[in-house]
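**Q** Each chain, written out:
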Amino acid sequence: MNAGSPIVLSEASAAQVAQPSGLTRTQHAPSGGTVIGRSSTESRPGKARTLKRDRPDREPGLKRANFGHGPGLPTLLLLPQFLILVFFFFIPSLRALMQSVLLSDPFGNNVQFVWFDNFKALFANGEYRQSIITTLWFTVAQNVITLAVGVVLAFATDRVVRGRSVYRTVILLPYAIAPAIAGILWAFLFNPVVGPLAHMLHALGIGWDPNRNPSDALWLVIMAASWKHICYNYIFLAVGLLAVPASLMEAAAVDGAGPIRRFFLIALPMLGPTVFFLAVMNFIYGFFETFAIIDAVTHGGPAGATNILVYKVYVDGFVNLDLGSSAAQSVLLMSFALICTLLQFRYFDHKVNYGV
Amino acid sequence: MNRKTAFIAALFGVLAFAAPAQAARVEVQWWHAMSGVLGDRLNELVEKFNASQDKYTVVAVAKGNYDEVTNGVIAAYRAKRPPEMVQIAERGYMTMLLSGAIVPVQELMDQKGYKIDWPDFIKPVASFWSYKGRMSAMPFNSSTPIFWYNKEHFRKAGFDKPADTWQELEAQLYAIKAKGVSECGSVLPGDFYWSLLENYSAINNQPYGTLANGFDGLGTEFVYNKTKVVSQVARLKKWLDDGVLQIAGQGFSPEQLFTSGRCSTFVNSTASHGNIERNAKIEWGATFLPHENDINPPLNSTIGGGAIWVLKGHTPERYDAVAAFLDFVAQPETQVWWHGVTGYVPATNKAYGLARERGYYKDHPTREIAVLQLSRGTPNENSRGFRFGNFVQTMLAQRTEVEAVFTGQKQPQQAMDDAVKRGNEILRQFEKLNAGKDTEADGKPK
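Read top to bottom, the protein sequences are chains A and B.
The first sequence runs 1 to 356 under this note's numbering.
The second sequence runs 1001 to 1446 under this note's numbering.
You may find that some hints are simply not true.
Below, in silico cross-link-like pairs of lysine-lysine (DSS-like), each with a Cα-Cα straight-line distance of 25 Å or less [to be verified]:
1) B:Lys1432 / A:Lys120
2) B:Lys1132 / B:Lys1432
3) B:Lys1048 / B:Lys1063
4) B:Lys1421 / A:Lys120
For each label pair, taking beta carbons as the anchor points, the in silico distance ranges come out as [what the hints assert, rightly or not]:
5) B:Gly1064 / A:Ser335: 30 to 40 Å
6) A:Ile339 / B:Gln1414: 27 to 37 Å
7) B:Arg1134 / A:Met98: 28 to 38 Å
8) B:Asn1065 / A:Leu201: 24 to 34 Å
By construction, these hints were calculated from the structure, which means they are not laboratory data.
We treat Cβ as the ideally placed atom computed from N, Cα and C, and that holds for glycine.
Starting from the given sequences, assemble the full structure and let the hints guide the process.
**A** What follows is the structure in structure tokens.
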């Protein structure tokens, strides 16, 4: 997958979700009035939300005002992004769609049209179904760990008085390390034969061996992938926490709420939009961007235990040269990601409080 | 004004004079997958060729590992800008052969009037790279797995050298561990499917697939779930469970576990001579791969490594350059040099004879093992090599199943049955794609 796709996914889903989300809103009723009643300054942090909920005719001035006449300037401004999308997303996606219904040799000299055989073969394939389950485990676990650790570290930022910038830098460092390097690092540290951390585990009486124990291997890649992504979560959460009014926290403290209570009852609800955004981003990260870590840490093994969908797309396409199947898998992977994102918006979006 | 014109004219004159001199050297590209010591040696080889004549320049381009080279050449071919030559691993043979993108090497050499002594190529090498008795690619880096061992460990445990059969070797490795000489009797090679399953099958005269391991047609099916391969997998699993065999895992190469003196033995390609000579801090030796005690005499092993393929779509002048270079590669002198500096086997009997004559093997006895192992006996249907389409894909499916045995998820028989079933589905896909393409056996009348 190219780097453009996650962006597109989130945008596309945001756009598509607008309609159903609005419907839910009216079914669940009461808040319609509040939205209309809100002034534009109040609703600024949740701008996307406002656009979704309000009918276009409610803000006529905003829509037309600043672009002068004719389509020239807007087109010009949209062009760079549009070109990037065309060349790095739409054309490759179209090629993938076409390739997914073909059986062809890698050099493209011998091509047969096979309808949906590639898809049928995938669903009949136990390995592929196993890969879906592995991917779900992997992304959900990675998501939960990343968010949980990220929230704790962000909340702790306030408590670190001395050396706060060092604290932040250390947390942010992993983001500067290339995924493949991070993967090799983890693979080495936890290598059961030579890895120092693996030896520590052995000394503790844990029979750690990711080469022969599938769940050890899966945990290893989950930890590596989470470690790499905690910093991304941390940045957003730390900034999100800055936006929580100090007065609220102080008032709660005066009322006798301890730090843990303050965290769960005040900070966390107010972080809602950030957490939701990060959950979506983490899913996309887990689906698409963890390829290098898998490749460096386990090669998808042992016995396919860490063979997540995006890695399988790579292996089938670039190692096995089975382009039809690989293309079909990438089409399916894209639909899974889209469905996941849509579901998240559908079920969690209206529970998030954008008002603060 | 006049002077200026004269100057410009002179300049053009010089350019006109210089241009043909430059254009005289025809430049061709060769994409390859050699890195480290091997990559340096390959560059030396190319420099030697370029210095040996003044008509052609070969440009060697390292494109990563074999997979990356393959992908690179596919992308380049699809973009209609392929290199003239590319080095492809043995497993990609059928894909390249039936791709419609190549010029068979023997055809090119005939057409360009080079007389190469094709029958002189060592048998398993020649049979692997030829189709209908004619060479499709120029054998370049041919290797075969051999058995490396730590002399000191064997001596300490009271053995002269590793045993010839798997049964006795097992006893030795267990003794080495029991006597506390070493923690790890052997380390599992990264390409164990090649050395410990495929070559094992050939050496022990077991069929791997029907239709002479695929040499007689695309309808071939795997049968290794009904042969000694199953008990071989069970043996590896037992060794792993007993701690006699170790997996190096990611982030660390198996070779390092051997060269550092941690593991007593290691089955690996003869091409690792360069690395082991440079890195080993131990007193190492090498010998033939073991065979089963009820198989005597053992057959030849099969080759691995790569060959140089010539791609379609270039001008005749460039093919002149390609042919000249391939002729250079096939020369006994070049072969002997390459054999000596890398550990790959010499591709021709002449080159092997030359190395012997010069007493090369007196100083480097382990370098001869691969040649002797490859050329012992008469290759039969089981040992000639493997000709399966999508061979990388079937191998990866097999590797996954073997790993399922190692993790304890499957019994060896079950795993090999599943591997064969998956492999056969992949073979049928290849057969369907290439239906109608003639793949009768080498030289046999249809």
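**Q** Would you mind marking each hint as holding or not holding in the structure?
**A** For each hint, the structure was consulted:
no., hint, verdict
1, B:Lys1432 / A:Lys120, "holds, 16 Å"
2, B:Lys1132 / B:Lys1432, "holds, 21 Å"
3, B:Lys1048 / B:Lys1063, "holds, 21 Å"
4, B:Lys1421 / A:Lys120, "holds, 17 Å"
5, B:Gly1064 / A:Ser335: 30 to 40 Å, "holds, 31 Å"
6, A:Ile339 / B:Gln1414: 27 to 37 Å, "holds, 35 Å"
7, B:Arg1134 / A:Met98: 28 to 38 Å, "holds, 37 Å"
8, B:Asn1065 / A:Leu201: 24 to 34 Å, "holds, 32 Å"
Taken one by one, the earlier hints all hold for this structure without exception.
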